[in-house]
Structure formats: C-alpha cells, structure tokens
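All chains should be modelled from the sequences, with the hints used to inform the complete structure.
Chains A and B supply the protein sequences, listed in that same order.
For the first sequence, counting from 1, position 38 maps to 38 in the numbering used here; every step adds exactly one.
Just add 1000 to the spot in the second sequence (first one is 1) and you have the numbering used here.
Mixed in with the good hints there might be a few duds.
To be verified - In the DSSO-like style, the derived pairs of lysine-lysine whose C-alpha atoms are separated by at most 27 angstroms in a straight line are:
| no. | chain 1 | residue 1 | chain 2 | residue 2 |
| --- | --- | --- | --- | --- |
| 1 | A | Lys36 | B | Lys1061 |
| 2 | A | Lys78 | B | Lys1061 |
| 3 | A | Lys3 | A | Lys16 |
| 4 | B | Lys1061 | A | Lys13 |
| 5 | A | Lys3 | A | Lys13 |
| 6 | B | Lys1200 | A | Lys13 |
| 7 | A | Lys13 | A | Lys73 |
| 8 | A | Lys59 | B | Lys1170 |
| 9 | A | Lys16 | B | Lys1061 |
| 10 | A | Lys36 | B | Lys1170 |
| 11 | A | Lys36 | B | Lys1200 |
| 12 | A | Lys13 | A | Lys59 |
| 13 | B | Lys1061 | A | Lys59 |
| 14 | B | Lys1068 | A | Lys59 |
| 15 | A | Lys16 | B | Lys1200 |
Think of the hints as simulated: they come from the structure by calculation, not from any bench.
Here the structure is a predicted model, which means the values were calculated and not measured.
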Amino acid sequence: MKKIQVLGGGCPKCGKLYEHAEAAAKELGLEYEMEKISDFDRIAEMGVMSTPALAVDGKVRFEGRVPTVESLKEELSK
Amino acid sequence: MFRPVQIFTDWLVYGLAGLGRHTLAGSAVDFFVFESIKIFILLAVIIYSVSVLRTFLPPSKVRDIILKKSRFSAHLWAAGLGILTPFCTCSAIPLFLGFVQTGIPLGVTFSFLVASPMINEVALVMLLGMFSFKIALIYAASGFTIAVISGLVIGRLNLEHLLEGFDQSKRITNAVLGADMPWAERRAYAREYTLDIVGKIWPYVLIGIGAGAGIHGYVPQDLLARWAGPDKWYAVPVAAAVGIPLYSNAAGVIPLVSALTEKGVALGTTLAFMMAVTGLSFPEFMILRRVMKLRLLLIFFGVVGAGIVFTGFLFNFIMR
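Rendered as structure tokens:
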C-alpha cells in the first residue's frame, strides 16, 4: 500500500497535481491511498516551501510543480 | 536584434494588408503587430531560461544559502535570490514558515518577500520590450534597494512578537530537495512553467499593447503632462495607490504605461505605479494575515509603500 500525499493549500495547481497523481497510480495498477495535506503547519514541518508538492509514504519527492501523468508514473514506480 | 521581425511586420501590414505607411491606422497596426511578436519572443526565451536556472535553486536551497550569510549580507542575498524565485501567493505561507522556522531573521525574510514578487521576469521582459534596457535596470535596482532597506527597517524594529498562527518555538531542519534533477526534467519543468505563465498572461499582453498602440497613435503628445508631469508632486502617491489593486496584471499594465509615459507622464511616477502593481498586493496580504498580526502587515505595507513613493519622487527629481 502506497500512501500518496499531495501538499498544498488549495490552489488550482494543487488540485491538478492530485488528479495527475491519482491517474498515474491507477494506470500503474498500484495499491494506493490518496491524502491531501492543506494544513500549512504540517506542510512546513515536512520541509516543503513551495506548493504543490508530492510525498510518498511521508517522504517528499518534489515541490513547486505539476508534472505530467507520464513522469508521475515514473516517480511513483521508484 | 528584432530587425527581421520589423521587416516581416512591415511586409505584413503595409504589403499584404495594404495599409498606408504614413497613416495613423497603418502605424498603429504596425506597432501592435511588431511589439506583440517581439514581446512574445522575449517572454518565451527569458522565462524558459530563468526556469531552467531555477531548477538549480529550489526555495530550500535558497534558504540554506541565506542561512549561512551574516546579518547585512543576508539581506542582500535574500533580495537577490528573491528575484530568481517565483512568487506564488498560495506558496507564500510555506515559504514564510520555511524561512522563519529555520532561523532566518524576520527582517531578512521580508527582504525576500518584497523582492520576489516585485522583481520578476515577466515585469522585466515587459519593461525591456516596451521601454528600454536602461529602464528595466533602473526598475530592478530600485526594487532591490527597496527590498533590502524595508527588510533592514523591519529587522531593526524587532517585531517578532507580531507573528502569530504557528508554533514559533518549533525549529525545522530539512534536507534540500530537487538539487539532483536530470536535465530532461529541468527542461520539462521549464517548458511547463513557460507555457503556464504565457498561457495566463497573453490576453493581457495583447490588450495592453493594443491599448498602447491606440494611445501611441491617437492621443496627442503631452496631453498627460498637465496632470502627471514631473512637476506634479501628487502624481506619485496617486499612481502608487492606483497600482495596488492591479496585482498580477503587470503584463498588461506595462505596455499601457509605456504609451502614457510617451504622452507626458514622468518616469518616477511610472516606476512608482509599476512597483505598486507588482509589489503590493491584497491577495498576498490576506494570505500573510494567517501568520502575522494586522499591525505587522500594516508596517510591512507602509514601509514598502513609502519606499515606492520615495523612489518615484527620486526619479522625477533626477530626470526632470
């Protein structure tokens, strides 16, 4: 079970990253769980300074961008 | 550099469309087509290049660089790196907390927060394209100075007690992200970012240049000198106040302002107006309200606003 966490305070880009990440996880056939983290204290605590960001199982993978579904598939299979 | 574009535009407007070379409509259309092509080429090239550069400097790395600097040079670095870092209102809080909670002083953080939105590549490209290299440089240099001085002033006032809404005793230490991106990803990021920005601002750019072309051709010279010439002191604060609600429309505002400057608005007034457009924004303040008391926000607003108005007066005085 992979926990896919999208960090961001509800800007349009955060929603887009959420969609892309979920699509990528589905296409890969992963067993996954999505989580949206919009609490700024928690975002800061995870060391993220630029939203949206993506974390997998609590580990931040990247911040400040919305990659394509294709490159997210690559990221999620790491 | 844009000679081929001018030749192409002349061919298109005067040859193909058959507009008269010395008519008002002809020169207005020629101006519009030429400026639009030029601006979009500049925007694409410069935003793309800056975005590639940016992948080497994620905010966490910027923070680590600033952390290592001593008090005064930290302000200079914060303002300088603020120019390179994009400022998105929705990232303002994590960015702010990421600075303050790793131990960067409040004043230094403000130097960054002022420079980041005020001096951005879109505004600089528009200034370069619609005014000149010299004006773009003056704008960047004054913005930088305002950012450093505002940060120093706020730092000296010891206002840490006016922060709220988060645990200030908490200290974050965290690894730097994204420093080891492969080139394909850097290019992908830059492409996405450029398309995103240009996709957002192109209507404003066209409307701005269009309105500029109209003013350029049809409004008599010096019409505005009577109200906004260099000898009208009140023009500067009025221009700054008008600029505040126009946040994020620098792309459309600058071509318009360029045309107005031709018609007699003084340079300092123009500068103050543009800085207020980019540097003072209500959405950003609303967001920052979540981590600061109103008093701190008002001080921030006041210090930066005073810096902008002072810059306006200064250039009106020097250039008159």
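request  = For the pair we were handed, Lys78 of chain A and Lys1061 of chain B, check the Cα-Cα distance against 27 angstroms.
outcome  = The hint holds at about 24 angstroms.
key: Lys13 of chain A paired with Lys73 of chain A [C-alpha distance capped at 27 angstroms]   = Measuring from Cα to Cα gives roughly 18 angstroms; hence the hint holds.
message = Given the hinted pair Lys59 of chain A and Lys1170 of chain B, is their Cα-Cα distance within 27 angstroms?
response = holds (20 angstroms)
inquiry  = Checking one constraint from the list: CA of Lys1061 of chain B to CA of Lys13 of chain A, max 27 angstroms. Satisfied?
reply    = holds (22 angstroms)
ask   = Is Lys13 of chain A within 27 angstroms of Lys59 of chain A, Cα to Cα?
value = holds (20 angstroms)
message = Need the status of pair Lys16 of chain A, Lys1200 of chain B: alpha-carbon distance at most 27 angstroms?
response = Status holds; Cα separation ~16 angstroms.
Hinted pair Lys36 of chain A and Lys1170 of chain B, Cα distance within 27 angstroms = holds (23 angstroms)
inquiry  = Holds or violated: Lys1061 of chain B and Lys59 of chain A, Cα atoms, limit 27 angstroms.
reply    = holds (18 angstroms)
query = Straight-line Cα separation of Lys1068 of chain B and Lys59 of chain A no greater than 27 angstroms?
reply = holds (26 angstroms)
Given hint Lys1200 of chain B paired with Lys36 of chain A - CA-CA distance at most 27 angstroms = holds (26 angstroms)
query = Between Lys36 of chain A and Lys1061 of chain B, is the straight-line Cα distance small enough, at 27 angstroms or below?
reply = holds (25 angstroms)
ask   = Is the straight-line distance between the alpha-carbon of Lys1200 of chain B and that of Lys13 of chain A 27 angstroms or less?
value = Holds - the C-alpha atoms of Lys13 of chain A and Lys1200 of chain B are around 13 angstroms apart, at most 27 angstroms.
Of the hints listed earlier, there is not a single one the structure fails to meet.
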